[in-house]
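A.B. asks: Here is how the chains run, residue by residue.
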Amino acid sequence: MSHASPTVTAVRGPHEATGFFRTYLYATDHKMIARQYLLLGLIMAVVGGYLSYAMRWQLAWPDTEVPGFGFVGPETYNVLVTNHGTIMVFFVAMPILLGSFGNFLIPLMIGARDMAFPRLNALSFWLLALGSAVVLVSFLVPGGAASAGWTGYPPLSAKAEYTGVDWGLTLWLLAHAIEFAAFLLGGVNFLTTIVTMRAPGLGFGRLPLIIWQQATAAILFLLSVGPLIAGAIMLLMDRIVGTGFFLPERGGEPLLWQHLFWFFGHPEVYVVLLPALGAVLEIFPVFSRKPIFGYTLVVWATIVAGALSFIVWAHHMFVSGMDPRLAMPFSITTILISVPFALAVFAMIASLYRGSIAFELPMLWALAFLAMFTTGGLTGIFLGSAPSDIYLNGTYFVVAHFHYTLISAVIFGGYAGIYYWFPKMFGRMLGTRLGQLHFWSTLVSFNVVFFPLHWIGIAGMVRRIANPLQYDMIAPHQWINVVSTVALFGLVASQLVFFVNFFVSQLRGRPAPANPWEATTLEWTTPSPPPHGNWGEALPVVGRGPYEYSVPGATRDWLPQRTGAAAAEARP
Amino acid sequence: MSAATPTYAGTAGAAARGKVGIWWFLASEVMLFGGLISSFVISRLGGSAHVEHDHLNVTVAAINTFILLSSSYTMVEAYAAAERGDRRGMRVFLGLTVLGGLAFLGIKAYEYTGEITHGFTPWAGTFWSFYYTMTGLHALHVLIGVIANATLCLGARLGLERPYRVELAGLYWHFVDIVWIFLFPLVYLS
Chain X
0 MSHASPTVTA VRGPHEATGF FRTYLYATDH KMIARQYLLL GLIMAVVGGY LSYAMRWQLA
60 WPDTEVPGFG FVGPETYNVL VTNHGTIMVF FVAMPILLGS FGNFLIPLMI GARDMAFPRL
120 NALSFWLLAL GSAVVLVSFL VPGGAASAGW TGYPPLSAKA EYTGVDWGLT LWLLAHAIEF
180 AAFLLGGVNF LTTIVTMRAP GLGFGRLPLI IWQQATAAIL FLLSVGPLIA GAIMLLMDRI
240 VGTGFFLPER GGEPLLWQHL FWFFGHPEVY VVLLPALGAV LEIFPVFSRK PIFGYTLVVW
300 ATIVAGALSF IVWAHHMFVS GMDPRLAMPF SITTILISVP FALAVFAMIA SLYRGSIAFE
360 LPMLWALAFL AMFTTGGLTG IFLGSAPSDI YLNGTYFVVA HFHYTLISAV IFGGYAGIYY
420 WFPKMFGRML GTRLGQLHFW STLVSFNVVF FPLHWIGIAG MVRRIANPLQ YDMIAPHQWI
480 NVVSTVALFG LVASQLVFFV NFFVSQLRGR PAPANPWEAT TLEWTTPSPP PHGNWGEALP
540 VVGRGPYEYS VPGATRDWLP QRTGAAAAEA RP
Chain D
0 MSAATPTYAG TAGAAARGKV GIWWFLASEV MLFGGLISSF VISRLGGSAH VEHDHLNVTV
60 AAINTFILLS SSYTMVEAYA AAERGDRRGM RVFLGLTVLG GLAFLGIKAY EYTGEITHGF
120 TPWAGTFWSF YYTMTGLHAL HVLIGVIANA TLCLGARLGL ERPYRVELAG LYWHFVDIVW
180 IFLFPLVYLS
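Which chain is which? The protein sequence lines are X and D, in order.
Position 189 of the first sequence, counted from 1, bears residue number 188 in numbering that gives the first Met the number 0, the numbering being contiguous throughout.
Position 30 of the second sequence, counted from 1, bears residue number 29 in numbering that gives the first Met the number 0, the numbering being contiguous throughout.
Be a bit skeptical, because a hint or two may be false.
Listed next, the stretches of chain X that the computed footprint assigns to chain D, with coverage defined by at least 3 CB atoms under 8 Å from CB atoms of chain D [said to hold, decoys possible]: (1) 46-57; (2) 69-80.
Sample of chain D residues facing chain X (criterion: CB under 7 Å; computed from the structure) [claimed, not checked]: (3) Val19; (4) Trp22; (5) Leu35; (6) His52; (7) Phe65; (8) Leu68; (9) Thr134.
These aren't lab readings, by the way, just hints derived from the structure by calculation.
Just so you know, even glycine gets a beta-carbon here, dropped at the ideal spot from N, CA and C.
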């Protein structure tokens, strides 16, 4: 885009004090919408966590009454696994990492006053809220909620008789169609904003890395979700109209769904991962007072990984009965995709090397992300290679693997971002003592919950079984299930610590200065929290790249991206 | 913020933002129809969706294709009129585009009726499942385009026109046309 263009369009007038409805419900301000996404994500996380509690209790002490939930048994257990999975991915991870971080950071980091389409932004959020409501309602209809697994494989999902769930599964499909529409429109908004609304001087080569990651995630979602929407329409037609797309007895092809699902499913993993990776990449330079190592390398690694993610999907289907000749090419692309991610990880480690590291809370979470994500990435190699996957497919090894990758993104990357930007978002500092307790107890209990699941997976325990004691080969390893469940109580309790800290700090926390971490990017040159319109009268002008730390010859160890008087005023 | 009234200026105008936005949206639409059409093609190659275009009315569908393509021409004329500030011409051509879209939907409904009364329902076989799903999803897009164009046409009557929106609606309308150009030979001819 050319900044020389003299056409300057007045977008909207000054923002005056507005009523409750305009401020909290029909809000078009990107910062309020970001907070709405965060709150919705946290509420749905409570729901998803509650389901996992009932599920783990059932696994440790099968067919006993779960305190605060009731009797589980096999049918309800299927409902629990299905909805835990989809709620956590689509209604927790995406709202927090894309909805909240993306909406809050994109305009603030590129020097814009709002998103490109503020009303469309509000529509995206409320569509997501509607989708969340439909998921919750699906628990209340006769027959109960969806129970065909989070992947919704037909024929199990294509006929009500097979699961005994009629409306619950249809509503579940509908809720996800609504969620897809919400994030599709959100992605259009993100990309348009990044392309057309960057501040003068902010070329693509000076964008903070998290903006690159958000943009890549938006493109991945935009381009991968179409085939799944098509698949969801076909599945709904099978259920409601009586067509036979996925039903063999009517000439249909169940495998087609798996292809459509995983064509979306694998890019979706990176849709969730990339924004978290971006948050960590923002945090490392700030708390090691060093520029990021290999900015261009990380940008290209992101783009290459994004492109490769479209041609790895069949590694989820090695044992599905697809043409076995496909296993080799998809193994190769899958192993190949670990190269850009390895580059990104090495760039992160090199950014820390010989830095003056400050173990503030955001940095602790970011470091934990690095360690946990690398662990999850390493177990991925066993699953990406067809020979070992044929044994491990569908076992708790897979469960452990994707919890190490996804939880490192959503919990460790997500909390890193929340602890880092909380002062900017809410104008107050998060309490450090509760924060320390939250971090260490989460790190320890998370590992005790999930690490032993690798072992029980290798021992042969498969996913989605409601009662491990029924199987003689798993029964001797039952102690692992008990340990994992007991540790889950600790994991849940640690999150309660966070909730207390989160809400108490919003009311009573120490007021935050404009730039508490002495960071360079644009958002730290606004007051905390930023006012409506973000920048006062004049848009910021960007003079340099985003990670100018410890520049030789400079008077202090950081040089803000923003040039001019406003940047000097914003010194803490 | 200061008490003075700041002029809030984005670095790109609404028209440029709209155009970038609609192109990203169309990219996702390409993937939606791409997923559906490739599923159909794969099912045909795999032998599970036997084409039964003997039972489709190719003549009527060809006429319908002509109508839809003509409506793309009137859409271009509406945009040209908007560009030169001819508000009346813009309204007239938008109106014609709406009529073209409605005619397409009417003829499509006539086709569906004929097929269903002959027993070729959506559950009559995999080909018919795909036929109704693909053309139905396309018809839904036509309907959305008709609503968008009608809104612009009526908005122009009330003096609310923003000419760049005609361009955005036009981009969408041409996309809907192009999808049909893929569907017509795939479903009716091959």
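A.B. asks: Hints the structure violates: just list their numbers, smallest first.
C.D. replies: 1, 2, 4, 6, 7, 8 and 9
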